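Asker: Residue strings, one per chain:
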Amino acid sequence: MSEIMGSETKGSPFLRRFIRVMSTPQKIMGSILFILLVLFVFFPAVNLLYTAFTFSFSDKVLPQVVDRGIKAVPGKFTLVHFERVFDSGLTKNMFLIPLLHTIIITIGLTFTALTIGTILAWIVVRSDIPAKKLIANLATIPYIIPAWPTALAWLTVFKNNRVGGAPGWFQYIFHVAPPNWLSYGPVPIIICLSLHYYAYAFIIGSGALATIDSRLEETGELLGASKWQVMRKITFPLVLPSIFSAFILTFSRGIGVFGTPAFLGIPVRYFTLSTQLYSNIRNNLSGDAYVIAIVMILITGITIYMNIKVIGARKSFVTISGKGFRAKTVSLGSMKYIILILIIIFLIIAVFMPLYVLTWQSLMDVDGNYSFSNITFHFWIGKAGSLDSRGILLAEGQAGILRNKMILSGAWNSIKLALFSAFFASVLGILIGYSIVRDRGKILSKMNDALSFAPYIFPGIAFGAIYLSMFAKAHGPIPALYGTFAILVLVSVAKHVPYSSRTGTAAMMQVNRELEEAAELQGAGFLTRFSKIIFPLTKSGLVAGFMLSFITVMRELSLVVLLVTPKTKVLTTMIYNYVQLGFHQFGDAITMLVVAITLTGTVIIRRFQKTDLSKGIGG
Amino acid sequence: MAREKIRIVNLCKRWRDVTAIDNMNLSIEEGDFITLLGPSGCGKTTTLRSIAGLEEPTSGELYLNNKLVFSKKEEIVVSPAKRNLGLVFQSYALWPHMTVFDNIAFGLRIKKLPKSEVKMKVLSVLKDMKLEGYEERYPQELSGGQQQRIAIARMIVNRPDIYLMDEPLSNLDAKLRVDMRSELKELHQRSGATTVYVTHDQVEAMTMSTKISIMKDGVIQQIGTPEEVYRRPANLFVAEFISNPKMNFFNAEVLSEGGNRFINAGGIKLNIKPGLIQNQSSVKAAIRPEDFIITDSGIEYEVTSYLPSGSTSLVYAKRGEDKIAIMLDGSYKAEAGDKIKVGIKKGLFNLYDIETGNKIF
Ligand SMILES: Nc1ncnc2c1ncn2[C@@H]1O[C@H](COP(=O)(O)OP(=O)(O)OP(=O)(O)O)[C@@H](O)[C@H]1O
Ligand SMILES: [Mg+2]
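Protein chains in written order, with my numbering: chain Y, 1 to 619; chain H, 620 to 980.
Errors might be hidden in some of the hints.
Quick list of in silico lysine to any residue cross-link-like pairs, SDA-like style, CA-CA up to 20 angstroms [unchecked claim]:
| no. | chain 1 | residue 1 | chain 2 | residue 2 |
| --- | --- | --- | --- | --- |
| 1 | H | Lys730 | Y | Gly525 |
| 2 | H | Lys746 | H | Phe720 |
| 3 | H | Lys830 | H | Gly843 |
| 4 | H | Lys734 | Y | Phe346 |
| 5 | Y | Lys442 | H | Arg633 |
| 6 | Y | Lys539 | H | His716 |
| 7 | H | Lys865 | H | Pro927 |
| 8 | Y | Lys532 | H | Gln759 |
Because the hints were derived from the structure by calculation, they are not lab data. The model shown is predicted, which means the values in this text are computed figures rather than measured ones.
Make a model of the complete structure from these sequences and hints.
Answerer: Below, the structure written as structure tokens:
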């Protein structure tokens with residue numbers, strides 16, 4: 001007993017208990033993570049509120065300030081931004097109309113994408129359609145590539161000459177300008193987004209359908225229910241939780257989506273909340289922009305909350321047991337081939353056409369001339385200062401993307417950003433996973449869990465705006481990071497925390513606590529346990545998570561568009577700028593470069609392992 | 620008297636509304652093979668994990684080798700690694716990404732033993748466990764029984780003071796289980812290590828242990844040798860639990876006849892010492908099937924079924940509402956409908972208070 005009575009018993013029992021509990025690895029890690037999450041998730045959210053409620057330097061010139069002779073002292077409390085957004089002559093154009101547009105787009109998108117995605121999932125998993133594997137593989141491609149190339153491809157085809165610039169294929173072939181509603185605005189935006197986001201519903205839906213125990217359905221049939229009744233009364237309720245989570249995912253993306261409405265909406269002044277927010281920031285109306293950001297976060301947050309309320313009780317019967325059940329397939333009979341042809345046509349339109357169109361346009365010498373004689377490789381490999389067939393300087397004298405220093409440095413920035421972010425996000429993910437799983441039920445664990453989910457409800461553009469507001473100036477030990485590469489990494493990692501922490505938690509759940517305890521009993525310290533037991537056992541999940549983050553950061557536009565500076569430009573923001581300037585071929589060539597990089601990334605994942613994509617997207 | 624190896628004092632473990640261990644007191648001597656026996660959820664695993672230091676009890680004290688390793692009051696918690704004990708988990712917890720060799724060598728490598736010594740020790744323990752030649756396999760490539768032996772090998776190679784085993788045989792098929800029982804018993808005799816063994820299988824507990832501790836809802840019901848627990852169950856719960864072959868229970872009246880008191884258990888008269896039963900008018904009588912005898916002075920029962928099994932025969936019989944099971948010699952023959960006269964070996968019965976369930980005799 002004397003041994004123990006030595007150093008270990010100094011101090012009050014309470015203090016010793018506190019020290020001992022707080023020095024367990026999960027608590028140390030949990031505390032560090034908590035601080036990080038507070039700094040980079042909670043603090044930015046508070047900062048957003050603060051900025052929305054106070055004057056900034058640029059507010060001195062606002063009419064509401066000037067007319068009333070208010071002294072707009074920066075940092076002083078004010079409701080002027082709320083007044084401007086909600087109750088002023090600007091309200092209609094700055095808030096109500098963009099809100100209406102956002103709602104129209106989100107509802108249209110959610111409805112279309114969910115319908116297409118779940119029907120396709122059902123056909124692939126539950127029917128006797130031929131070539132299932134192939135369909136499934138092709139149908140998930142949109143998840144791998146960015147959303148906005150489809151919008152660029154749409155422009156290439158349906159552009160009319162109303163907003164200037166060269167006309168598109170449609171006009172080239174039919175010699176009539178396509179009507180405005182087909183070229184720009186809600187219809188093409190909803191179509192283009194749906195052609196991308198159906199893949200999310202498809203992945204989640206087919207994951208859920210594949211894990212339903214078909215015996216549950218057979219029991220229903222044995223009890224005399226018709227096929228339709230079984231579908232409605234058994235299958236549908238069982239997949240409902242997954243449909244809800246696909247709904248949440250699509251809906252929150254719809255609220256925040258930026259690229260597509262920017263390309264297809266801004267030219268005809270069809271603004272959504274996200275593009276309005278962007279233009280406010282660009283016009284130095286950041287206070288107004290932050291009010292809009294708050295609205296977007298509230299809409300997303302409330303929708304998710306209501307969904308959780310609705311599915312809360314039902315969540316428990318998600319039957320993802322992981323065991324492969326005999327999938328009982330329904331015969332489509334003679335419809336089989338008709339449906340197959342329809343699916344093929346759909347996949348061609350959704351997956352191949354955009355890439356094909358963009359590739360072709362990137363090869364056009366003179367924009368708008370779709371004949372074969374007009375093909376050039378200038379935008380890919382041309383030298384600076386080349387002339388086009390009419391003797392005009394190509395691309396204002398810029399070299400093709402594979403020779404262009406600026407673009408190559410952007411590509412390098414993109415890859416670097418994606419690699420760094422993916423690395424930090426996965427490390428953070430597994431650490432969060434460890435501290436949440438090993439400390440389950442404790443307050444710290446719950447707070448970390450909640451905080452790491454929070455960025456999910458911040459639309460990308462709003463999250464970028466928050467970081468812009470927060471890191472424009474120094475806060476205590478954190479320097480002003482605006483304009484640095486670090487802020488891009490920070491914002492990307494923070495925005496990915498909801499996904500990477502889920503991946504990490506899922507990976508940690510696989511590691512039975514006893515595997516770690518067996519090592520602890522043999523005297524292995526925490527670091528040994530982590531490197532010898534936990535890391536090897538979660539590695540494959542981490543690699544997949546890493547690659548998923550890599551792909552997502554690589555194609556990210558809305559999150560970083562407000563934060564890049566000429567020095568830190570990445571490919572996606574370059575595309576955005578080129579397209580705004582009317583350099584379509586350049587934009588398209590760079591887009592294809594991004595697609596090539598993300599596809600390569602995916603091929604690498606597949607090499608590493610069979611990845612279940614639905615795990616990474618919060619299904 | 621042997622040295623005390625493990626002492627548990629007033630130990631409690633609670634999770635919010637669940638009490639897994641309720642004020643446990645237990646003393647285990649060096650060389651004991653003690654079994655924690657009880658139904659699922661009674662706190663066996665929790666007790667084992669508390670001894671190992673993997674679970675922190677809510678209150679109480681724990682001594683290993685007369686050293687205080689856990690005390691809530693004094694806030695002493697010695698880490699699992701320093702308790703010098705080994706644990707075989709219910710799930711085995713073999714590391715799937717390591718070969719058999721690496722699994723077993725893990726602890727030795729942590730202790731930084733030289734390579735040659737690690738190799739020698741691992742190979743020798745593999746030989747003891749009859750697993751030579753398997754060192755390059757991965758756990759998933761082995762049968763349940765082999766995995767189980769690897770788990771034991773991984774524990775004993777570190778030469779711990781105390782072996783803790785959590786239902787190590789529960790995942791094995793019946794035949795393998797019987798084989799492994801004797802192997803484990805041998806292992807215990809060879810090493811002499813104090814062993815705490817968890818099971819909910821009565822036969823396993825009876826055949827292997829030097830002591831059995833029967834638990835229910837986190838409370839120890841009885842501690843004793845297998846013989847004591849079998850012969851003199853401390854209460855109805857234990858009597859029912861240690862009930863293989865099936866224990867016979869009777870709601871028995873207490874009668875008086877000429878100053879002598881006796882008990883009527885299904886017609887069979889059980890004599891009791893005067894003064895043993897004061898104010899109950901009826902008690903619960905428990906008689907094991909093998910304690911019945913066929914005797915001319917017995918009470919008539921009618922055979923309902925006859926189940927010979929070679930060395931013994933089991934006879935089910937009834938008399939009115941009372942149904943009994945009788946275990947007889949294998950040579951005994953009977954048929955359904957036969958009338959038999961049943962008596963009891965002298966004194967081989969237990970009486971329990973109907974209300975409290977505690978043993979009266
Ligand atoms: N981490 C925990 N949190 C909450 N309750 C727990 C926890 N671990 C165990 N329990 C509860 O404590 C009680 C005892 O559990 P324990 O695992 O010790 O039972 P057991 O006797 O080993 O059962 P089995 O034979 O099924 O393994 C159970 O009611 C169990 O539900
Ligand atoms: Mg147990």
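Asker: Below or equal to 20 angstroms on CA atoms is what counts here, so check Lys746(H) against Phe720(H).
Answerer: 12 angstroms, holds
Asker: Is Lys442(Y) within 20 angstroms of Arg633(H), Cα to Cα?
Answerer: 15 angstroms, holds
Asker: Take a quick look at whether Lys539(Y) and His716(H) sit within 20 angstroms of each other, Cα to Cα.
Answerer: Distance of about 11 angstroms is within 20 angstroms: holds.
Asker: Between Lys532(Y) and Gln759(H), does the CA-CA distance stay at or below 20 angstroms?
Answerer: Given that 20 angstroms is the threshold and the Cα spacing comes to 18 angstroms, the pair holds.
Asker: Just to be careful, I want the Cα atoms of Lys730(H) and Gly525(Y) compared with a cutoff of 20 angstroms; is the pair within it?
Answerer: Answer holds: Lys730(H) to Gly525(Y) is near 11 angstroms, not above 20 angstroms.
Asker: Would the hint linking Lys734(H) and Phe346(Y) be met if the CA-CA limit is 20 angstroms?
Answerer: 63 angstroms, violated
Asker: Checking one constraint from the list: CA of Lys830(H) to CA of Gly843(H), max 20 angstroms. Satisfied?
Answerer: Distance of about 5 angstroms is within 20 angstroms: holds.
Asker: So if I understand the rule, the pair passes when the alpha-carbon distance is 20 angstroms or less; does Lys865(H) with Pro927(H) pass?
Answerer: Between Lys865(H) and Pro927(H) the Cα gap is close to 15 angstroms, so the pair holds against 20 angstroms.
Checked against the numbered hints given earlier, this structure breaks only hint 4.
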